[in-house]
Structures are given as structure tokens and as C-alpha cells.
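J.: Sequence:
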Amino acid sequence: MTLGLPLPRFIVLQSSRNPNNNNNYLRYAAEQGELNDAIACNGDNATNPNAKFEVEQAAHDVDRPIVHIRSCYNNKYLRLSSDNDEQCRRGYIVAVAEKPEEDRSRWSCTLFEPDFSTDDPNTIRLLHVQSGLYLRRSDDICTLAASPIQNNNTPDEDMFVFKVICWESLVILPKYVAFRGDNGLYLGVRWVVDDIDSPCLQFAISDEFDDRTVKNQFVPTPDGQTVRIKNVQSGSLWKRDDHNWIRPFGDYKESSSSSSSEDEITMLFQVIKIKDNVIALLNLANKQFCKRYTVKAATSCLCAIDSTVTEFAQLEVVELVSSRTIYNIDFRLDHARIIHSEDRIVASCVAMNNTGEPRTKNLRLTFDHSMSMTWKNSSSLRLGKKVVRIQSDVARIGAGSEIVVTSGDFGDSTTYEWGETTVRRWRMTRIHRVVVPPMSKVTVRLWGTVGTCEVPFSFVQRDVFGDGEVESYVRDDGFYCGTNCYDFVYETLEESLG
Numbered sequence: 001m002t003l004g005l006p007l008p009r010f011i012v013l014q015s016s017r018n019p020n021n022n023n024n025y026l027r028y029a030a031e032q033g034e035l036n037d038a039i040a041c042n043g044d045n046a047t048n049p050n051a052k053f054e055v056e057q058a059a060h061d062v063d064r065p066i067v068h069i070r071s072c073y074n075n076k077y078l079r080l081s082s083d084n085d086e087q088c089r090r091g092y093i094v095a096v097a098e099k100p101e102e103d104r105s106r107w108s109c110t111l112f113e114p115d116f117s118t119d120d121p122n123t124i125r126l127l128h129v130q131s132g133l134y135l136r137r138s139d140d141i142c143t144l145a146a147s148p149i150q151n152n153n154t155p156d157e158d159m160f161v162f163k164v165i166c167w168e169s170l171v172i173l174p175k176y177v178a179f180r181g182d183n184g185l186y187l188g189v190r191w192v193v194d195d196i197d198s199p200c201l202q203f204a205i206s207d208e209f210d211d212r213t214v215k216n217q218f219v220p221t222p223d224g225q226t227v228r229i230k231n232v233q234s235g236s237l238w239k240r241d242d243h244n245w246i247r248p249f250g251d252y253k254e255s256s257s258s259s260s261s262e263d264e265i266t267m268l269f270q271v272i273k274i275k276d277n278v279i280a281l282l283n284l285a286n287k288q289f290c291k292r293y294t295v296k297a298a299t300s301c302l303c304a305i306d307s308t309v310t311e312f313a314q315l316e317v318v319e320l321v322s323s324r325t326i327y328n329i330d331f332r333l334d335h336a337r338i339i340h341s342e343d344r345i346v347a348s349c350v351a352m353n354n355t356g357e358p359r360t361k362n363l364r365l366t367f368d369h370s371m372s373m374t375w376k377n378s379s380s381l382r383l384g385k386k387v388v389r390i391q392s393d394v395a396r397i398g399a400g401s402e403i404v405v406t407s408g409d410f411g412d413s414t415t416y417e418w419g420e421t422t423v424r425r426w427r428m429t430r431i432h433r434v435v436v437p438p439m440s441k442v443t444v445r446l447w448g449t450v451g452t453c454e455v456p457f458s459f460v461q462r463d464v465f466g467d468g469e470v471e472s473y474v475r476d477d478g479f480y481c482g483t484n485c486y487d488f489v490y491e492t493l494e495e496s497l498g
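Going by the UniProt record's numbering, the first residue of the sequence shown is number 1, and it counts up by one from there.
Hints should not be assumed to be uniformly reliable.
Unchecked claim - So the derived label-pair ranges between C-beta atoms look like this:
1. 422 <-> 82: 41 to 47 Å
2. 146 <-> 343: 44 to 50 Å
3. 242 <-> 424: 55 to 61 Å
4. 278 <-> 490: 51 to 57 Å
5. 60 <-> 343: 23 to 29 Å
Unchecked claim - With a cut-off of at most 30 Å between alpha-carbon atoms, the simulated DSBU-like pairs for lysine-lysine come out as follows:
6. 253 <-> 163
7. 163 <-> 273
8. 376 <-> 163
9. 175 <-> 253
Just so you know, the hints here were simulated from the structure itself, not pulled from any lab data.
Note that the Cβ used here is the ideal one computed from N, Cα and C, for glycine as well.
Assemble the whole structure, with the sequences as input and the hints as a guide.
T.: Structural data, given as C-alpha cells:
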């Protein structure tokens, strides 16, 4: 019997040591002390790309929950750092394996087995199958050690325990947005009730670029599960008042986090994705969804009073960007990988020789060649088509399955949407010379390998907003996917005509 994957496909692992401290997410670290490509235990944000790992079911242990774990940041599998006696003794875990290794007699084995807690299915210990030791948080890095249960040493037990967070459950949102309600109007700041000493948030604006109060900033918390929302014009956070109205009157502090204080919780919201560009907001203080609500003079204002997501609680998210430019794309070729390849016949040609002498012929093989390219980032939402200009070369698979970057500037005139696939097609002709024996037919086939590569990249994003403001950000969550044909090989088949 084949088991389902015991863990979500994409995960974040959080150490249970000091769970209230945000600096405890496992992450890929290019350098961590004396180690390269280490798995560190000091990540401060669950949504950071270096905290994302992929879980793959073992090929030969389908009846047991045994898996390989791959860092999505450098596309390498986790294993012991070295067969060096000293490093083996320390049990350092690094992300360096190009391919899964299921031979348990090898120190480079990449198999892990999650040991689930009976009290919480999202809490595990991770057994390194080859060594029989468990993954352990040791200061800021991951090592292998005998578990506390094996040592009868309970005080250290939380060093071996990790919380599993499904990456897909995390909220990764654009920085600046406006919200449009079910009445087709945008949410802005308005004084609508005389006996309240601060304004409300009202769905009353028809054009998102005509009123600066529609501009809001998502302020994510390190756990990636909740957000605070800052109204940019007022500089204040959204906050639930004693009557459940959501109003911009919370104090904004750069250092605020997902604190459990009563006052802080009134400013925390859980984002529920409804569609690509539609969300619902659950206020954590009263566990109610925010909706467009009318009572007396407060017409179409935001109020946290719905126990379910009704049509009035569905908010369309609109990015307030009039144009966006992506440039300085830096492909991390050391972290690239080929995820699929297939040999195909791309063209064929036949040459006949009905004479008694050998004949040399030049065969023309013409075929359609194509290359597909997709640029992505980690955003949880797709907010419709935006004018995005990409200035970038192109990564492709070259001879010998080497991933290379070639000139292919998209230029300032090209618009593009993140996640959209662009395909370029052109006709190619190759001339191949063959010698056809007497009274023979020669068939020449041109084979090519069609492969898909994944290449992470960093980039600079320059946004121009509707109010004329311009901001530039350096981002590290780019992800390129390209498909092309490479490694062409001729195959010659001879057939007698006699």
C-alpha cells in the first residue's frame, strides 16, 4: 500500500525551543560559522524564501512515512555535511545533495522519517534514517544527536521538537493596496459618526487614485499567519474598537510583532484567501470577519461582526501601482536545477540512392523551435494584469545539460504579468551531410532533449504609484522557470532497396 505524503509538500519548520521567540525558524544559510550551506535555526520570518522546504516521498519506502527534504532556496537536499570523522561526530546537517540518496549504508543518505507527536499532529521530531539520530537545534544550527527519549533526558526534549507549518497557509501580500467592497466602492477614511473621536473606514470612494486615504500598507507578522494594516495617509493601524468598528487609530510601531497583549490583538487580522484577488479579514480579538455594515449614520463602514464569510465580508484587493519595472535580475545559477527532461525526435529526412555508387547528399532538416519563460515571486495573490516591464537576460539549458544565461533583454516596451508564461517560437534549419550506400535508403533523425529548468533569482522592483510616489525594493524571492530544446544528436538508419 502506498501512503500519502506524511507532511505538506511545502513546509516551514519552527523550533519549539523558546516558541515565543521569533528567531527560531529553520532556514538555509550560505554561511553559518564554519559551515557552508548550513541549516540554521535562527530565521526571523516564516515567509522568507530561505525558510521554505519541499518534502518528497521516498521512492523505495512508499509504505512508510520516509521522505527527502529539499531546500527551496538553493534546490539541494538535506544530508550530513561530510564523511569527515570530526564533522560526522558533530552531525552537521547541510543542504548540498544534488539528488536524493536512498542507500542507507552511505553517509550521504538523504532519508528522514517524521515522528509525529501524539498530542499535536503538527509537531514532529525528525529521524535521520541512516544514522538513527534525530535532528536537534544546537545553538543556531541543526545537528544530529540521540533523542532525549533515548537518553532518558527530558529537559532537552524541546531541542528536538519542531512545529510544521504549511507554506501554502502563509500570507505573502503586496506592500500597498486598496480594498474594494461588494458595492464596488473603495475603502477610505471618513468622519461619519459625530460621537466617535476618530474617523471610520467607509466604502465610499469610486476611484482609487482620487483619494489618498484608500492607500493601505500590509504589515506582516513574523509568523506569516497574521497581518497588521496601516492606513498610509493617517499613519495609524487598523484597530477594532469596543463597538466592533474597524478604525485607523492604532499606534504604529516599526518593532510591533504578533504580540499576545489584549491591545495588540485588536490590531491583528488573519487573511483568508477567497479567490486570486479576493480576501476576507478575521479580527483576532473577537474572531469575527470584517464586513461592510450600515447602522444609523455609519453607512457602509467596516465592522468586525460576521461569524462567516458573507458577500459583504469579501474584499477585493487592488494594488495601487500604475507601473512596475523589474531589473537587475541576478540568476543564482549555483542553485538552479533541471526538473524534467525528455528526448524527442524534432525532425527527420530521407535520402534515396538507386545507383550502384555511393552518393553524398546534404539533407535539410527543418523544425519548429520554441522556448517558454515564466517569472514568478512568492506573492499569495494574483491581482490582475499590471504594466510590468522586465529587463532581463534569459536562463536556458545548454549543451551538456548546463544551465546558462544568454542575452534576451525584454526591454522597456515589453509588458508582462508575474506567473504568466511567454513562449517564443521560430523555425530552424540544419544541414546534415550523409553518404548513402548504393541501392539504399538512409533516414536521418534529429533528436533533441526538451528540458525544464528552475532558477531562483534576486531583483530590484521599482513601483510608480497612482499618487506619483516612487519606491524601489531589493527582493530575493524571484523564481524563473524555462523550457527549451538542447543537446541535438543525429541518428542515421540505413535500409537496403534490394
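J.: Range hint 51 to 57 Å: satisfied by the CB atoms of residue 278 and residue 490?
T.: 54 Å, holds
J.: Is 44 to 50 Å right for how far apart the beta carbons of residue 146 and residue 343 are?
T.: 47 Å, holds
J.: Confirm or reject the claim that residue 422 and residue 82 have a C-beta distance inside 41 to 47 Å.
T.: 42 Å, holds
J.: Taken at face value, is the distance from the CA of residue 253 to the CA of residue 175 at most 30 Å?
T.: 16 Å, holds
J.: Below or equal to 30 Å on CA atoms is what counts here, so check residue 376 against residue 163.
T.: Holds, because 28 Å separates the two Cα atoms, which is no more than 30 Å.
J.: Hint says 55 to 61 Å; check whether the CB-CB distance for residue 242 and residue 424 agrees.
T.: Distance hint for residue 242, residue 424 holds at roughly 59 Å.
J.: Are residue 60 and residue 343 spaced within 23 to 29 Å by their CB atoms?
T.: 26 Å, holds
J.: Holds or violated: residue 253 and residue 163, Cα atoms, limit 30 Å.
T.: Cα-Cα ~28 Å, so holds.
J.: Taking only the CA atoms, is the gap from residue 163 to residue 273 under or equal to 30 Å?
T.: 23 Å, holds
Consistency with the previously given hints is maintained throughout, with no hint failing.
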